[in-house]
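> Given next are the chains, with one letter for each unit.
Number of protein chains: 2
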Amino acid sequence: MKSYKEMTAEELKLEREALSKRIEQFKTMNLKLDMTRGKPCPEQLSLSNNMYVGMEDSDFKSASGDVRNYGIPTGIVELREVFAEWLNVDKDLIYIGNGSSLNLMFDTLMRAVVFGEHDSEKPWGQIEGRKWLCPVPGYDRHFKVTETLGFELIPVPLNENGPDMDMVEELVKDPKVLGMWSVPCYTNPDGFVYSEETCRRLASMKTAAKDFRIYWDNAYSVHHLYADESKQGKLPEMLSLCAEYGNASRVYEFASTSKITHASSGVAAFTANKENFDAAKKILSVQTIGANKISQYAHARFLPNLDAIKAHMMKHADILRPKFELTLDILDKELTGTDAANWNKPLGGYFISVNTFPGTAKKVIAMCNELGVAFTPAGATFPYGKDPQDSNIRIAPSFPSISDIEKAVEVFSVCVKLTAVEKILEA
Amino acid sequence: MKSYKEMTAEELKLEREALSKRIEQFKTMNLKLDMTRGKPCPEQLSLSNNMYVGMEDSDFKSASGDVRNYGIPTGIVELREVFAEWLNVDKDLIYIGNGSSLNLMFDTLMRAVVFGEHDSEKPWGQIEGRKWLCPVPGYDRHFKVTETLGFELIPVPLNENGPDMDMVEELVKDPKVLGMWSVPCYTNPDGFVYSEETCRRLASMKTAAKDFRIYWDNAYSVHHLYADESKQGKLPEMLSLCAEYGNASRVYEFASTSKITHASSGVAAFTANKENFDAAKKILSVQTIGANKISQYAHARFLPNLDAIKAHMMKHADILRPKFELTLDILDKELTGTDAANWNKPLGGYFISVNTFPGTAKKVIAMCNELGVAFTPAGATFPYGKDPQDSNIRIAPSFPSISDIEKAVEVFSVCVKLTAVEKILEA
Chain B
182 MKSYKEMTAE ELKLEREALS KRIEQFKTMN LKLDMTRGKP CPEQLSLSNN
232 MYVGMEDSDF KSASGDVRNY GIPTGIVELR EVFAEWLNVD KDLIYIGNGS
282 SLNLMFDTLM RAVVFGEHDS EKPWGQIEGR KWLCPVPGYD RHFKVTETLG
332 FELIPVPLNE NGPDMDMVEE LVKDPKVLGM WSVPCYTNPD GFVYSEETCR
382 RLASMKTAAK DFRIYWDNAY SVHHLYADES KQGKLPEMLS LCAEYGNASR
432 VYEFASTSKI THASSGVAAF TANKENFDAA KKILSVQTIG ANKISQYAHA
482 RFLPNLDAIK AHMMKHADIL RPKFELTLDI LDKELTGTDA ANWNKPLGGY
532 FISVNTFPGT AKKVIAMCNE LGVAFTPAGA TFPYGKDPQD SNIRIAPSFP
582 SISDIEKAVE VFSVCVKLTA VEKILEA
Chain A
182 MKSYKEMTAE ELKLEREALS KRIEQFKTMN LKLDMTRGKP CPEQLSLSNN
232 MYVGMEDSDF KSASGDVRNY GIPTGIVELR EVFAEWLNVD KDLIYIGNGS
282 SLNLMFDTLM RAVVFGEHDS EKPWGQIEGR KWLCPVPGYD RHFKVTETLG
332 FELIPVPLNE NGPDMDMVEE LVKDPKVLGM WSVPCYTNPD GFVYSEETCR
382 RLASMKTAAK DFRIYWDNAY SVHHLYADES KQGKLPEMLS LCAEYGNASR
432 VYEFASTSKI THASSGVAAF TANKENFDAA KKILSVQTIG ANKISQYAHA
482 RFLPNLDAIK AHMMKHADIL RPKFELTLDI LDKELTGTDA ANWNKPLGGY
532 FISVNTFPGT AKKVIAMCNE LGVAFTPAGA TFPYGKDPQD SNIRIAPSFP
582 SISDIEKAVE VFSVCVKLTA VEKILEA
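Protein sequences appear in the order of chains B and A.
At position 97 of the first sequence the residue is numbered 278 (this note's numbering), and the sequence of numbers has no breaks.
At position 298 of the second sequence the residue is numbered 479 (this note's numbering), and the sequence of numbers has no breaks.
In short, the hints are calculated from the structure, not lab data.
One should not assume that every hint holds.
Remember, identical chains collapse to one label, so a pair may be satisfied in a single copy or spanning two.
As the list claims (entries may be wrong) - Pairs of lysine-lysine residues, derived as DSSO-like cross-links and limited to a Cα-Cα distance of at most 30 Å, are as follows:
{"no.": "1", "residue 1": "K463", "residue 2": "K272"}
{"no.": "2", "residue 1": "K544", "residue 2": "K455"}
{"no.": "3", "residue 1": "K514", "residue 2": "K412"}
{"no.": "4", "residue 1": "K455", "residue 2": "K186"}
{"no.": "5", "residue 1": "K588", "residue 2": "K194"}
{"no.": "6", "residue 1": "K186", "residue 2": "K391"}
{"no.": "7", "residue 1": "K303", "residue 2": "K357"}
{"no.": "8", "residue 1": "K272", "residue 2": "K242"}
{"no.": "9", "residue 1": "K526", "residue 2": "K514"}
{"no.": "10", "residue 1": "K604", "residue 2": "K496"}
{"no.": "11", "residue 1": "K242", "residue 2": "K220"}
My request is simple: use the sequences and hints to build the entire structure.
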């Protein structure tokens, strides 16, 4: 297909006419489709329906004690071992929380705001104008946490190797920049994987704030679409990498089984070096009796090691892969060559991120909505919901059915093209 | 038995000799008993072993949606209805959390410290010298929460009708007094029940801080030892009582199933008036994806209404009652009339609270420990662990077996008597 940018006004008008006709057809279909939700579909959830089966005939005993009673505040040892193997860290540096890793992140930041980090001069809440780096596009709930806790959000462009490290290294010279979000593999929503060089530069860079922290949200580190290991994102282990460069306290790492077993009924965990971990534990022991150990026990029985997780994740992949491939195929067929949009072909994660023609994303979403196809609001992937390019749109193909995806992505593609054509004609 | 206070020195010395002989006998028994733990015994926990049975054959559907997926942040409606019936409030004012109600309380207070209450002039963290009322003896984990979040802890004596209300009404004239802990039925550890008059005075009193809050921890409100309703503690519904006096925002109420189903793997909840509830929800929606809905679903299936909870609690009572009665019988037999100690006979809850002869509690505990019988450290029931009378000791009869209780409480009673005799002889 010829690039819109190279078309004459006449060609563009013909294209507009053709696209408008397709829009009219869509209108007659009375569609009602939802592509907003980055959540598992029922078939994926059913993979874990049997998690609790037979538990009543067990002795409810972990090597840590009776899982039905009080105690074991950092989590049962069997599950800490699973996360330790998964994240490649010491099991004694694993803290098991309830289903929401977001909750662990919020609480970690809340502690820093109220009490400070172990190496802080004062609680972060006392630092006026505190700032936080936000790779973009990124995860809206991350941004909302730092916004709510009083940070100014500084966007940093993300590319296929991770955040723009030249910019990051410059920004952290500001002592008010206290930390940074990261979803290193696969980035949300692009599905990029931080390169080893990016990880090394993050681990080694000089920061003006000596208590600078990276929130390493490993939400999707086992969420591959392909069994072939050469098609799987890989990361260096970040705790030891930071330690290697003398910045052992720099990183908190988070993970959860929300998109492995059941969303928000999984188990979440964090790890950090001993100083961070002990400081966290001290407050956590006041805050809570501990996380649901029946859930921990069920998880440790259902997914007793990393191999079990990997095998289980391939069942998810078998459900998700066709949905991702179909989405990408339609985008490819409709949009490649037009220069109306670009996108990444992720090897894992939950999203496909499309950059539409600059200045058109809001209009595309509105047009889709009018046709009965809901997409995540434009701008959602940027701090304060403001995409300066008005271009990025997050597609979530996991939840809808194959037939819904087929219609929705076609509608989407046509809207992307039509708005691009109109934008160029306006100029 | 004759009061030690009325004995001659000669009589006391004879008593000391007799008691010392019993201590020597205890030494030969090489005891190893633990009376420290206010937690359910295995038989109680087994009452809920079948909670998850058959769930895999269900459709995992709540009227609120698929419980296996994201969403429903305030909790599934079926479980909110159970708590609403239990606490006698509107289901739309119930927020379901994970297993730890302590976590809900900590987070509620943390929000007040960082963001302020909806009717605060500023975040409580900005109020230097902020204070919190702590009825004593009370729950050490409550006290630790307020201590950690920067409050000065002000003890208020608790009697059989609740806290000393004359003192409370005087103390709340200080604008730095921002709130108060309460375990109204049954108080921890005495097992007292706040009288209706106490509740009315709490609801109606004038406080200098217009954003004063009562944390109404209804941990034991269905934890009766007797089926006979005349032997069950009862409370007025505190939210509407506060509203009746124009103080609708005064109270947060908490409850959980930790001592109903499985400790720390239950579900917790809080309720408050709409202004408090909406302000809390706003931050909670940033903090967390929501509480474990598989656990919520299992609870709603297992305990679908208040009658089911009451029936289940009577099974607990059948296990606990003999332990409480045995403890009280031994205390009675050994100590009544001596004036060496006094105690309440609770109708519910998890503890028996013994006030030993003033200035002897620490010594009693140390003496018991030497004999292989562990009790909660003296002072644990007071702010900062400091009992000014050195008198209160908390006995937890739920976990040990009947035969362990028999030995442990005898040892305890003899130690209480011996230290009292020695104290009087010293004077």
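> Enumerate the violated hints, using their earlier numbering and listing them in ascending order.
2, 4, 6, 10
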